[in-house]
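Sequences are here, hints too, so could you generate the full structure?
Number of protein chains: 4
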Amino acid sequence: MNGKRVENVLDNPNTRTVVEANKASYEWALDPKYRDIMTCYSPLVAENVNRYTYVSASTEDLAAKARAGTFTSEMLGTCIYRCVGYDASHALASTTWEMDQTLGTEYHKRFIDYLKMVQTKDLSVAGALTEPRGSRKMKTLDWPDPYLALKIVERRPDGIVVRGAKINISGAFASHELIVLPQSSHAEGEEDYAVAFATPSDAEGITYICQYSPYSAERDQAEDIYELGNPVFGQRETAMVVFDNVFVPWKRVFHCGEVKYSGKIVGRFAKTHRMTCGGTCKVGFMNQIIGACKLVQEYKGLDKVPHINEQITEMVVLRETGRACGMAAATLGSEDPPGSGVFLPDEVMGNVAKLNICNAFWRTMTLAGDIGGGLIVTMPSLKELKNPETKDFVQEFLSFGSDEPTANIMKVHKLLQHWTAGQHGVGTWHGAGPVMAQKIMLQRVVKFDHEKELVKRALKLEEKEPKSGD
Amino acid sequence: MNGKRVENVLDNPNTRTVVEANKASYEWALDPKYRDIMTCYSPLVAENVNRYTYVSASTEDLAAKARAGTFTSEMLGTCIYRCVGYDASHALASTTWEMDQTLGTEYHKRFIDYLKMVQTKDLSVAGALTEPRGSRKMKTLDWPDPYLALKIVERRPDGIVVRGAKINISGAFASHELIVLPQSSHAEGEEDYAVAFATPSDAEGITYICQYSPYSAERDQAEDIYELGNPVFGQRETAMVVFDNVFVPWKRVFHCGEVKYSGKIVGRFAKTHRMTCGGTCKVGFMNQIIGACKLVQEYKGLDKVPHINEQITEMVVLRETGRACGMAAATLGSEDPPGSGVFLPDEVMGNVAKLNICNAFWRTMTLAGDIGGGLIVTMPSLKELKNPETKDFVQEFLSFGSDEPTANIMKVHKLLQHWTAGQHGVGTWHGAGPVMAQKIMLQRVVKFDHEKELVKRALKLEEKEPKSGD
Amino acid sequence: MNGKRVENVLDNPNTRTVVEANKASYEWALDPKYRDIMTCYSPLVAENVNRYTYVSASTEDLAAKARAGTFTSEMLGTCIYRCVGYDASHALASTTWEMDQTLGTEYHKRFIDYLKMVQTKDLSVAGALTEPRGSRKMKTLDWPDPYLALKIVERRPDGIVVRGAKINISGAFASHELIVLPQSSHAEGEEDYAVAFATPSDAEGITYICQYSPYSAERDQAEDIYELGNPVFGQRETAMVVFDNVFVPWKRVFHCGEVKYSGKIVGRFAKTHRMTCGGTCKVGFMNQIIGACKLVQEYKGLDKVPHINEQITEMVVLRETGRACGMAAATLGSEDPPGSGVFLPDEVMGNVAKLNICNAFWRTMTLAGDIGGGLIVTMPSLKELKNPETKDFVQEFLSFGSDEPTANIMKVHKLLQHWTAGQHGVGTWHGAGPVMAQKIMLQRVVKFDHEKELVKRALKLEEKEPKSGD
Amino acid sequence: MNGKRVENVLDNPNTRTVVEANKASYEWALDPKYRDIMTCYSPLVAENVNRYTYVSASTEDLAAKARAGTFTSEMLGTCIYRCVGYDASHALASTTWEMDQTLGTEYHKRFIDYLKMVQTKDLSVAGALTEPRGSRKMKTLDWPDPYLALKIVERRPDGIVVRGAKINISGAFASHELIVLPQSSHAEGEEDYAVAFATPSDAEGITYICQYSPYSAERDQAEDIYELGNPVFGQRETAMVVFDNVFVPWKRVFHCGEVKYSGKIVGRFAKTHRMTCGGTCKVGFMNQIIGACKLVQEYKGLDKVPHINEQITEMVVLRETGRACGMAAATLGSEDPPGSGVFLPDEVMGNVAKLNICNAFWRTMTLAGDIGGGLIVTMPSLKELKNPETKDFVQEFLSFGSDEPTANIMKVHKLLQHWTAGQHGVGTWHGAGPVMAQKIMLQRVVKFDHEKELVKRALKLEEKEPKSGD
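Protein chains in written order, with the working numbering: chain U, 2 to 471; chain G, 2 to 471; chain L, 2 to 471; chain W, 2 to 471.
Treat the hints with caution; some may be incorrect.
Identical copies carry no separate label here, and so any pair may be met within one copy or between two of them.
To be verified - Okay, derived cross-link-like pairs now, DSS-like style, lysine-lysine, Cα gap no bigger than 25 Å in a straight line:
{"no.": "1", "residue 1": "Lys-252", "residue 2": "Lys-152"}
{"no.": "2", "residue 1": "Lys-387", "residue 2": "Lys-461"}
{"no.": "3", "residue 1": "Lys-24", "residue 2": "Lys-457"}
{"no.": "4", "residue 1": "Lys-117", "residue 2": "Lys-265"}
{"no.": "5", "residue 1": "Lys-110", "residue 2": "Lys-265"}
{"no.": "6", "residue 1": "Lys-465", "residue 2": "Lys-140"}
{"no.": "7", "residue 1": "Lys-384", "residue 2": "Lys-461"}
{"no.": "8", "residue 1": "Lys-384", "residue 2": "Lys-465"}
Just so you know, the hints here were simulated from the structure itself, not pulled from any lab data.
This one's a predicted model, so the numbers in the text were calculated from it and none came from an experiment.
Right, here's the structure in full:
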């Protein structure tokens, strides 16, 4: 990170935030107040497990998954770092079952064994798909550098060796395990790219090249995390994960060369993860934003101003629309493929949820930025409250005349800075794929026969036949 | 209508469309294909009844109600004219029960007797709320003309006499019965306005002054209804309903002077009806629009054009968002008030559904208007296909070179004219109240304590206390 | 029209509206109040002429052209029917000059002679471009029916004979003259489609197949035009213009086979007309809409309601944005091609103007529809005010308690019906080409070297060179 | 800054960026390539001066002012820090003239003397308006702390003493001079708040409490400014400016107690500055963003992808709309008040420009964020290119298979991070006041008589008279 090796993820203030978020997901599972949200019974191991290690077996499970997602995100104000692994497990449980049925492989058995191990040891699992990729004008096999997508470089008796990189990967360096999926469907000839597996996150040959943003720098230099906009849990921390000839034993390989199934894995992951990103975690994030806006309103004496209340209402509408699409994706979910025992969200609603939230989140940032005011971006450091030359001035002039402690006022603006003047717009857009990915998927799956039939019947259209004279 | 008395609603081509829509709702109830959608078992009368006469007793009922709404609207391409009555029954079943519990009245018993009669006789019931009202700057009691809201003018031993008018009322003249609710909450002193009742739609003293739009004129002069954009079922037909000293017997009076409960009746109607308008019938309408756009694409050879497919996808997203909000309103619905046995949709989601669809429908019109092209508004009459001077030209030049019969092409454009160049934008906006009504309701019901608490916890805000020096 | 021959354009209530609009354009030119707007000095004939017959020779002329467009449209509330001819004259004056310079033709001379005749006789000139066209998947020469674009069928010593049709043509049947341009650029082999000419609008072989919309039917059956939303000038009247072997003498042919120049004619017309449609006439239309909304506000006592005032402000912003883009298109206009003496608007700004107004007009309809209320679509006929059975009720209940004559209130709502519940959304979108046409043109003309250079300089990017190891 | 005193604005990497931006404005004035943009002839001192010290005397001057604003912002990619002072000079030149005319004061003379000094010495001048203010529910005189707006605390023979603070002030600490205006109009009794003056920016009693954002921290820890998104000129640097009993001699006081004129100063500043912010500098910023998006397209081989080209076109439309509104504000500008010799932009267009750009800029961020991809927020530090453990991986995997140097690719993404994942959305919104300020101003100045008259004439509305029976 930032050009230097991180010796200890707990000591580095930025990597530590991921540990803290992960840690919270364990604490809540033990907390009687939140246990019902964060755990559920797993028949696989015949005991209660952390929900983030569980594969949904009903639409009720999908709805519970959505509620857990909203809960964790509103508590953290950042990524829980476990949902990609969670959603990848859904995709693998489903598709390994289908491969075994069709091809006579034993991937599903392997995956279930792996899942049992994860549940029993209560491990946190990250997931990785996105790849650098070469020029969008070329096919994969024509790239000069074949490693711009993760590639099997050797098939050995005891396992495979892979080389390549995954980019934009959230929190993997502080998870126990990492599930790796292909990024895209593959054609014949691309067998070496059709690969899915699990690996300990510290396996030999893996290097994490961490993101370094202005927010990373700010945390690095902070004297007290409570100067920051999301003190404990920070911004979303990602890394490029380089696999430089990493060995994976066969028992952790869940897809290897069956090119027809790469697309299914990706598609099932995508619809699950789009429900998560679109209908779940952003709903929780919006709760923090809305709460901060209400506090600012109170501090400044703006709580009766109609246009501000209307803006907050607009945020509520955007939030509830996200929630509704997430709920619908769960309610309309189904066993996929039939017989597999794995329930996945509805494809259309999952994509609709994500597509809506992309725009909704930027709009929420716009509205919250309006309410928070210029101070969101122009505020001095909270350190000024301890600076003898400035503290009285800051106390006086940033109080807005309210009797709220000025530190509180500044902190709430700092939280709004975190949400509206940083990485969340772009991040929300691209997590689970940008809007074009959702549009393409919708174009692929939505059919129109019913709609055309309605029109034909309403208008009593004649059947097509050659026109006179033609 | 149009300055003249309509002697027979079946002979007048415009009023007839309402009869046709109502008739379809009876036919489907008998059709094995659609019976499950259109009927359900009513414990009140211990037999299957038309769903539009039934009050929901579970969230599953609410979901089934939503599906029926979408089905009827996509089949009709216009209002079914029974949902206002349907939703008004929900509001009355709920609030009469509460009044009886609290005030010791017997409104609920009366209403249930009425509902049994409706179910047994299989009657169609319209509903009426909206009133002309006086200057928005004055309170009701200060209006020079007290009848701008419906008012009790006499309380007699056998019933009440009311005077006033309801405006924008869909299809009442061709329904058997009419349920009348107050339009707004009422304050003390306004007891004469706090009134709800049912009446046969042809009671003495009732006059229907029908709308007359360009579309009415077009239907009046059509030689063949298949020249028109929605041949059988037409545009939504409404009327101003004047009550000029109409007598209502006590057994049909369900609310009379209890001003505290007027607002509850209105509010419960509104949330039910907003789910209907926002998450149900527009979804069906959009199906017709999308179907027509797909057909135009095919006729013109545009089926592979990316920006048009993207526009259709956008319509799909708008439609599914509406459906999701409707589903969420049903799923989150609850018994209201507890103990009443009446299930109503979730207030927030009902309002969100309606608010979203207002904008979504205008946007759908914009997109469909783009795809349909200028011909939507410039097309000649379908009569030209029988005009010897022009028919060959029209056949040739409006074929777009496709082998589809030109009449079909013109009819599909005519259907798009019906949807995009007529009354649907404004109508959708105002049905169940304009967006401001939804925003106001949301401001009233949404609380923010949870959201503020999240922020306070995340930032460890200090409790407010006087600042040093204050 | 409507399947029957129109014997006299003055007697038919729909065709008459075009005559009225044309007539107004002559009246204003004589009216001292409006003369400066509607006329200007033409060096060609050395006298003042109607501005709609004049080709701009400076950016000031272009600005005056914009002001005239806004003036005529706000006075008419519909198309003036002369601007397509006006803009086509700009395209021809420019491109005939260029052809003569390059090819040694004499088209420019012919066109100037024609223009002098038009100015001297003070004729009104319509214009025509849009064609039915065949499947968008085929090239022109592959269409089974070659006449889906206008085609030269014979070249004779005295002139040419053309066959085909133009669609969506505004008001041509009531103009003196008609200028015909190609719709698109043409490639080699398509010489017979590369044709531009002028013809008297009643030339032999021309048939007008008029549009017939709900609004046409309404006007047909009106007893008094003041029952209608735009009493005198009506909706935009268009027709499909069929050219069934129409002869055009050489002196009226301005382009004939020079395929390289078809695209230039179209492009120059488009940029001129997009400034007109985007920055000129819709600004005037919006003035009528805004005025009606203000009146409704007053009638209903809503003039102090914040959200309505904010909506009207939004309409003002949309209107002024349109005006600004129109002004910028004029200000940045230039002599095109240099030396021709013809000034055309800026390509980018012309397209931006049109693209913005497409969305702005739908949005204005949405906002005005909100303010006008449900009555816009549910109002009864103004004939009810003379119907003894209903007139007292209508007087009472549609007064909104104001002392404004009820007829006025109804008429203003009728005008809003004309604007928000009819053909204007789709019409505005497609006039001068739908938004995709503007986007394509912008993609063609906007270059990005300057922008890329800025970034390279700011970041001191290294020149591209092979990477080490490549 | 950040809790510590900045000893030298040139040594501190953040404050230095302001000096660099200011410095550039001097360099360009000397550069023959840019001299025409950056300088103009001032009759006051009879020589060429930096345009940023000049008060417009014609609409051509206003147009040149707009061009200079776009030029400087596209070159800097941040604030030039001189436009608030520039626009404040316009407001003071105009209003001091009016005060002198009406009240017989000598403010104008003083101000012109000051301006001559500024021009002669070629000083850079910042400006300051925004104040902390107390509860929005209270009037100024009721605030417990009277200094939440800047207040005169003493009137002495030689000048005045003021106390208070200005917030969100761009770059003042590195300007020579600071012009201070009131933030709002004032009522009788508020004379001590009705004050405008100029002061050296380092006058005794002035303290700058600088903003400290994540971007500040990032610059603090950078080893090489070319690791950063805007290497030389950085993010906009602002400060809270505390005036703790600052003395201002009378010759620098331009408004003192004339409460009727405070609002005029603010209003004239606002319309000038809104043209600047809405139609000028954001246009330049967008050029950088568009340029970066085009480069990313090329690096990734996406230059032919239709939806990305459409997104870039949308940015172009937003940019040109901003430019058009700015041009219109200049073109429609006028001498205000008449006789003063000072030309100010058109009020309506200035506000429209700013209002449009607020939304346009967020939308541009959204679009650019889509094109740049997740890497915008997840990219590692450019330091990794020098880190032996990671540099080969970064070279390989962030090349996207292109032959562009990876450092270039990363730098362009870093520039997009600067624009889309930082302070620009909120900053653009609030600079020159948030959208509500523009809406309020438009509601104040736009009249509707003309529009209502158009409707009355078109419909031949009767004059209002009592209805029969009233």
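**Message:** Regarding Lys-110 and Lys-265, is the shortest C-alpha distance of 25 Å or less found within a copy, between copies, in both, or in neither?
**Reply:** within (18 Å within a copy, 58 Å between copies)
**Request:** Up to 25 Å between alpha-carbons, please classify Lys-387 paired with Lys-461: within, between, both or neither.
**Result:** Result: close only across copies, 18 Å inter versus 79 Å intra.
**Asked** Within a copy, between copies, both or neither: where do Lys-384 and Lys-461 come within 25 Å Cα-Cα?
**Response** between (75 Å within a copy, 16 Å between copies)
**Request:** Check Lys-24 against Lys-457 for me: Cα-Cα at most 25 Å, and say if that holds within a copy, between copies, both or neither.
**Result:** So Lys-24 and Lys-457 pass the 25 Å test across copies only (20 Å; inside, 58 Å).
**Prompt:** Within a copy, between copies, both or neither: where do Lys-384 and Lys-465 come within 25 Å Cα-Cα?
**Reply:** between (77 Å within a copy, 20 Å between copies)
**Request:** Have a look at Lys-117 and Lys-265 and pick one of within, between, both or neither, based on CA distance no larger than 25 Å.
**Result:** within (23 Å within a copy, 53 Å between copies)
**Asked** With identical chains treated as interchangeable, where does the CA-CA distance between Lys-465 and Lys-140 reach 25 Å or less: within a copy, between copies, both, or neither?
**Response** This pair counts as between: shortest inter-copy Cα distance 24 Å, intra-copy 41 Å.
**Message:** Treating 25 Å as the Cα threshold, decide for Lys-252 and Lys-152: within, between, both or neither.
**Reply:** within (18 Å within a copy, 72 Å between copies)
Of the numbered hints given earlier, the model fails none.
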